[in-house]
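Top to bottom, those sequences are chains L and P. Mapped onto our numbering, the consecutive letters of the first sequence carry residue numbers 176 to 499. Mapped onto our numbering, the consecutive letters of the second sequence carry residue numbers 39 to 354.
Watch out, some of these pointers could steer you wrong.
Sample of chain P residues at the chain L side, in silico, Cβ under 8 Å [claimed, not checked]:
(1) F188
(2) L196
(3) I200
(4) A289
(5) G295
Stretches of chain L that chain P covers, calculated by requiring three or more beta carbons in the stretch to come under 8 Å of a beta carbon on chain P [to be verified]:
(6) 253-263
(7) 322-328
(8) 364-372
(9) 386-397
Over the 10 Å line for every Cβ pair with chain L, so calculated as not near, a few chain P residues [to be verified]:
(10) P112
(11) R180
(12) D198
(13) S256
(14) I309
(15) L316
Because the hints were derived from the structure by calculation, they are not lab data. Given the structure is predicted, the values throughout are model-derived calculations rather than measurements. For each residue, glycine too, the CB sits at the ideal point set by N, CA and C.
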Amino acid sequence: MISFILSRISQSFLVMLGVAVISFSLFTYVGDPITNLVGIQSSDEHRERLRESLGLNDPVLVQFARFVGRAVQLEFGISYQQKRKVSSIIAERLPATLELSFLSAMIALWIGIPAGIFTALYRDSWLSHMVLSLSLIGVSLPTFLIGILLIFVFSVHLRWLPSFGRGEIVDLGFWTTGFLTASGLKALILPSITLALFQMTLIMRMVRSEMLEVLRADFIKFAHARGLPDRVVHFSYALMNTLIPVITITGLQLGSIIAFAIITETVFQWPGVGLMFIQAISEVDIPVMSTYLLLIASFFVIINLVVDLLYYFVDPRLRVGRRT
Amino acid sequence: MCELPVMAAPATIQSVARTAWNSDLAYSFRRSKVTVVAGVVTLVYLLAALFAPWVAPHDPYDLASVSILDSFLPPAWLEGGDARFLLGTDNVGRDVLSTIIHGSRISLGVGFASVFMAATMGVTLGLISGFVGGRVDAVIMRIAEVQLSFPDILIALLIDGIIRSMLGPGAHGNIAFFVVILAISLAYWVQFARTVRATTMVEKGKDYVNAARVAGKSPTYIMFRHLLPNVMGPVLVIATISLALAVVTEATLSFLGVGVPPTQPSLGTLIRVGNDFLFSGEWWITIFPGVALAIMGLSVNLLGDWLRDALNPKLR
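Just chain P, with the same shape it has in the complex:
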């Protein structure tokens, strides 16, 4: 954002790294052991999700390599387990560990896409609401208020249900992905909009905005070039917390059978499918994806909590 003319020497990688390491943010990160663990776990999930086809020991969706003869194998350390399948196999012989890695990829992908969409929508509406004010502001905030009085997951579920029934029962595949992302982002835009609106109202009275206005810049230009960079801090915090919420919401929708298409299962879908085998003793098919989801949700949540406290000077 701002250049540092004092640093005459060319910034080497080491010096940049050292500056970053000594910053306030990094210091508060290092000081909290829980956050470091959460950060590392989140990083592992992100890498695994990003490089799923290379990280996963098997390709669970390659029909040629999956054999029905391998179905229902318990985890490797139990009696009857197979060393090839660390966490066992599911009902059609897919490696559970590989399905979890591919499932995390879809869960995180949908989560990121939803948060991105929610943030875009919320930030834009918040900027307009705070900057323009008046009747526009009243309408946007009234809608936000009403939506806030309903639980997020209910909003997502209802929107998902409504869009699905509008598209008819035949709509599957990539459309289903889009429906889920749209439903989740419509459930989570409010937080972004309210925060951005509050920050914008504070910022818009400042001199740099007046200067830009006097210089004859259009409101749109001022909103997106001057105000936007100054409201990004809180947006980042909300985005992190919303990511955890979005991943959990997606898992819930998929578990209820109204989420992503079953051909590309997310963690929620895996848990739903595995749930049928819980009673016949093949617990690993559902419990391991469940644990994976729980750890993912918990670490992103912890990271978001830390970021909120670290970026908020009011909190100690």
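The following block holds chain L by itself, in its conformation from the complex:
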């Protein structure tokens, strides 16, 4: 057991190391960091002094070690475009992304799971068929298109909801929130629905197929045969057995919400880290790009690690298989 956990953790470290190498090579080999810092006009002597003081003449391995050491202390250098510390730009923008992702995850779970249960229990009702056909459209439509269509209907046509930005936000010192003002909440509606829709359809389809599988199992038949009411069979027998795999896979899905936020944030000009990344690509702002790369990779690695370990504790079969 300990060996499994250790090997899983060391794998996560390897992935992070790989991402760190990519991130570092971007930093070091793309463009000239000195030119980006001081401009083209400065003298050669000045450049050489700066180069020496920044340690750019050291061996590559030393530079890499220093890069990792700084990254661990959340020190990511200075943005070429904004001439500010990348860490403070991220700290400023992360709340926007996290709030949006959190709300979307809630929407996806609270609508996706009940819808999945409903379509599994009442497979032949017209409502289930309609929900399933709609979900197919939801899966096929690209996220940005859904966002544009929502803007078109609710912002341009009906003029109910704002189409860009976060509205009025309240600054709590370390965190800015849109949950406390009416305009902030209104601004959250369209982006969070856009972001939630894809995950919601995935969760719904997964709950449905998982539930259908469980409903066919013998213990459900026996429960029915014992004369237990449908409600008990469905919700305490079937649902509980459905939710174990669903929870783990849903955990993974929630990680991808933060990734898909890149697209939603661009459509709604939402001032989060995703929009920052897209702007950094088009402006070739390497420090911001490589920091985002590290950030998103560590999000995913941590989520995957937690989900894998959870799975290991939840599913005893995995333990037996590993030992032999």
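Based on the hints, put chain P in the right spot on chain L.
Relative to the frame of chain L, chain P by itself:
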């Protein structure tokens, strides 16, 4: 693949057509109305894309025929519309229908190229992984596993971003096309590799492979001449599903402004450009390409779903 010696009579076009029409695959195709519609729609897109210069009513990129005086015309059936421009015109007076047809051509072209590259890469690595096994297999599959834990579109976006910044801001034109295709194919090779590996592991124990090995054929020969034809079925299914994904991914990258060059707009680029006019009331510039993309994605997806079920004997 195999000749039929029983069919002594020369195969006429009719008899071939009849055999094809009566096959299992065609039967399951005919039985599902949704699939037939999806198939016809996909065919229309393919033909329109293939023959875009002849099908499109106008040449939107011929500067001589585009007039700025025609800009912002609404669709023909609305007030102020012009019968020459069925779906209206954009900000510089190009016919929206024609830009959609040319855009579909680029979207599908990039999609096909990416899927082809992803399939080549994935099939080769999958064959090697399954046939050679051992440490090679472990390394390839570990990479695939890690990549699978990230969403495809994120992988494509990150690779696209990294290559772009390596090339510097000046890299445009055809290089941009290649970057997009490379990024998308690097995001989608995993499915091919995993499936081909699984099938190869099953196939490689069979007698025909042993026979070839005893006959002294090289591993490379066995992999590509004997195993490859037998793993093509699942590859075709994944290719169809990946095509829908690749088209959507390309559109997303182009919408984000990091896709194909704006001089040769795909559907995603058209939507991005048109998005600026959504608020000033010229909705058709962005909504029509959006609808075109949605229908394209949906029909290819449906076709892929059908193909997966039809070729899978385990599913009913």
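Verification of the hints:
At its closest, the beta carbon of P:F188 sits 6 Å from a beta carbon of chain L; the interface hint therefore holds under the 8 Å criterion. Annotation: interface hint on P:L196 holds; nearest CB of chain L at approximately 6 Å, less than 8 Å. With a cut of 8 Å, the hint placing P:I200 at the interface with chain L holds, because the nearest CB-to-CB distance is about 7 Å. Nearest Cβ of chain L to the Cβ of P:A289: about 6 Å, under the 8 Å cut. The hint holds.
Here the hint on P:G295 is kept, as its CB sits about 6 Å from the closest CB of chain L, short of 8 Å. Check result for the stretch 253-263 of chain L against chain P: violated, 0 residues qualifying (beta carbon to beta carbon below 8 Å, three or more required). For the stretch 322-328 of chain L, the proposed coverage by chain P is satisfied: 4 residues have a C-beta within less than 8 Å of a C-beta in that chain, meeting the threshold of three. Note: the stretch 364-372 of chain L has 0 residues with beta-carbon separation from chain P under 8 Å; the three-residue rule is not met and the coverage is violated.
For the stretch 386-397 of chain L, the proposed coverage by chain P is not satisfied: 0 residues have a C-beta within less than 8 Å of a C-beta in that chain, short of the threshold of three. The beta carbon of P:P112 sits about 15 Å from the closest Cβ of chain L, which is more than 10 Å, so the claim that it is off the interface holds. Look at P:R180: its CB is around 8 Å from the nearest CB on chain L, not clear of 10 Å, so calling it non-interface is violated. The beta carbon of P:D198 is not kept farther than 10 Å from every beta carbon of chain L, the shortest such distance being approximately 8 Å.
Taking the minimum C-beta to C-beta distance to chain L, about 34 Å, the non-interface status of P:S256 holds against the 10 Å cut. Non-interface call for P:I309 relative to chain L: violated, since the shortest CB-CB distance, roughly 7 Å, does not exceed 10 Å. Listed as outside the interface, P:L316 is inconsistent with that label: its C-beta sits roughly 6 Å from the nearest C-beta of chain L, within the 10 Å cut-off.
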